[in-house]
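Asks: Letter by letter, the chains look like this.
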Amino acid sequence: MDRIVICRCEEVDLEEIEQTLINYQCSMREIKLRTRAGMGYCGGRTCRPALNAILEKVSGEKQPHQIPLKVQPPVRPVSLGRIGETNYE
Amino acid sequence: MYDVLIIGAGPAGLSAAIAAREWNLNVLVIDEFLKPGGRLLGQLHQEPDGKWWNGIEESKILLEKAKELNTDIRCGISAHTIEKTDHGFSVYTNEGILEAENLLIATGAAESPAPIPGWTLPGVMSIGAAQVMTNVHRVRVGKKGIVVGVNVLSVAIAREMQLAGIDLECMALPAINSATESHGSPKKVMKALLRIAHLAPSTAIRFGSRFMKGDGTKALAVKFFPKSGVKMWGMPIHLRKAVTRINGTNQVESVTICDITADGEIIPGSERNIEVDFVCIAGGLYPLAELAAVIGCPFQYIEELGGHVPVHNEQMETPLEGLFVAGNITGIESAKVARAQGTLAGLSIAKRKGQNLAKLENQIQQAKMNVRTIRENATIQFHPGIEKGRSRMEEAYYDIVHG
Amino acid sequence: MNSHRILDHPVLGKLTIEKEIPFTFDGKKYTGYEGDTIASALLAQGIRTLRVHEESGSPRGIYCNIGHCFECRVTVDGTPGIRACLTELNPDMIIESGKQQFSPFKSTENQDDLPRTYAEFEKQLKGEKEDEPDV
Ligand SMILES: Cc1cc2nc3c(=O)[nH]c(=O)nc-3n(C[C@H](O)[C@H](O)[C@H](O)COP(=O)(O)OP(=O)(O)OC[C@H]3O[C@@H](n4cnc5c(N)ncnc54)[C@H](O)[C@@H]3O)c2cc1C
Ligand code: FES
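Residue numbers (my numbering), protein chains in the order written: chain U, 1 to 89; chain L, 1 to 403; chain H, 1 to 135.
FYI, nobody ran anything at the bench for these hints, they're computed from the structure. Idealized CB from N, CA, C, for every residue including glycine. Hints may contain errors.
What the hints assert, rightly or not - With beta-carbon atoms standing in for the labels, derived distance ranges:
#	chain 1	residue 1	chain 2	residue 2	range
1	L	Y301	H	K14	25 to 33 Å
2	L	A378	H	G81	33 to 41 Å
3	U	I22	H	G81	12 to 20 Å
4	U	V58	H	F102	29 to 37 Å
5	U	Q25	L	E95	41 to 49 Å
6	L	E387	U	E30	36 to 44 Å
7	H	N90	L	E253	29 to 37 Å
8	U	G60	L	N94	19 to 27 Å
Stated by the list, open to error - Using 35 Å as the maximum straight-line C-alpha spacing, the simulated DSBU-like pairs for lysine-lysine come out as follows:
#	chain 1	residue 1	chain 2	residue 2
9	L	K144	U	K70
10	U	K70	L	K227
11	L	K231	U	K70
12	U	K70	L	K191
13	L	K353	U	K70
14	L	K187	L	K51
15	L	K353	L	K51
16	L	K388	U	K62
17	L	K353	U	K62
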């Protein structure tokens, strides 16, 4: 099988995400922490719908109203110098 | 301290600014793109009456109106995050912190991907990227390409590329995997196209009506998936072929395409390579609601609206006091709907400032009607059942606020 | 040259070029037009690769063209992480593509694999580069 990259920023592929989902029966948050999918430069804007679709497929559950992969501020990467000015948690 | 800060200068943000300025509010509009207009800028469709919907011209009209009213619009500013304060909101941007009593998030939509092997190669781009390059920047994205993913948006943009003299080999589906299932199954794609085919208004999606001849699902399966595809302006649209791989070392050189069953399974031995130098990926649109999420607005997952949408009522208010949303962040619809929603949001914000309430209330009622009428008469619809989605949102708002 | 421009368009009309804008990309001189983004000016010159993935080195170009994916980030006049698709081209901009960065913190399977000296670290880097395919 050819490699299918899902998260372009961190180069995490479909197989790794599916395997992690199957092995750990885990949430999107845990997938993110284990594989780094959705944790890259773009903040998950590109891969989020794909990750949700994979989760739906593997778990067989419809998407919840709560966003499966929590959106973390800042929604655009900020240089370190700027972070000092603001109050990101 | 602004009366209202508007994030996003698309049709929703701009018309909200106009409505708010007409009521003399102190307004600031910010947008991270280099010019105002949002995704309206790239749009170019033929209406049922043959007239062109030219997004650049439509944006100009909005912009001129906004300028007449001395609206402060600043481009090149990205909002990074938002915080609630005692008096309203602080918006953190690359140009510092902006304070406003009311906030309108009109950040529009983003594209869903349809990941297939090789899609990170230079020369592979989203279909929207090609639209902006073609119509806004007037740069050809390549010599010959293929569109992967068949939906209303990709068919419309394929036509736009053809108009600009860009050679497209064909449109086909992405190979099916657990991330592309809804875009890779001919049956599902067919179903989605059929549900919008009754509109068949614009030339761009009239091809859908060709699928409508005959009835019953059997006919669907046999008759409407012709092996050679259907042709639109000489370009084949294939629902029974899938792109399984994009090939190349440093950039796109070719794609591998296969015949597929009605469920999207690859038919062994049907593989062949087509030389192309660009590929457009079309996985559809979803509401870009990240800023509403970071500030803690509640969400609903409503498929008919395109995914997770911040909870709001018909007046475009969210349950968070002073926070409003308008345009595609509230559900994927055409620019005309976004524009009408923007006007409504602008008026709702003016109402919160408590001016000439009777007159305003009247305008708000009219603006609401306007949104509904435009929705009903929409020639471009991204998701079937949009009205159903809207009423589900209305219920959700009521449950959260009053329940 | 700017052969990729759509000069005539049946609906949008002729492309009016107001002003040429000179710039450099990875040390080479080019010209774009007023109103271009960095991304459109480069694509008009046939340049598609704007960076390589910092870790794997796989080549990348624009993907979304509207500021969402951050695939197009380049260094402009010394400032890294600038989105080429959102940034207006200005005269004499010095633009550089994003390069591969060898991460000393790459995850290791086995503690024994970790380098103990700088020389070992460098050796591993080289070894890694030879082993890893380009894509
Ligand atoms: C790529 C693409 C192509 C489309 N093509 C069509 C089409 O051909 N026909 C059609 O009918 N509809 C199309 N649409 C749907 C489109 O969303 C609507 O037609 C309409 O433009 C929505 O208007 P809006 O004002 O809600 O958002 P938009 O027009 O998308 O405007 C939102 C604006 O917000 C800005 N923004 C977003 N986030 C931030 C931030 N954090 N900080 C600062 N600014 C921000 C963006 O730069 C953008 O200018 C397309 C959508 C996309 C994403
Ligand atoms: S191409 Fe996606 S951010 Fe520039």
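Asks: When the structure is checked against the list of hints, which entries are broken? Sort them ascending.
Replies: 1, 3, 8, 9, 10, 11, 15, 17
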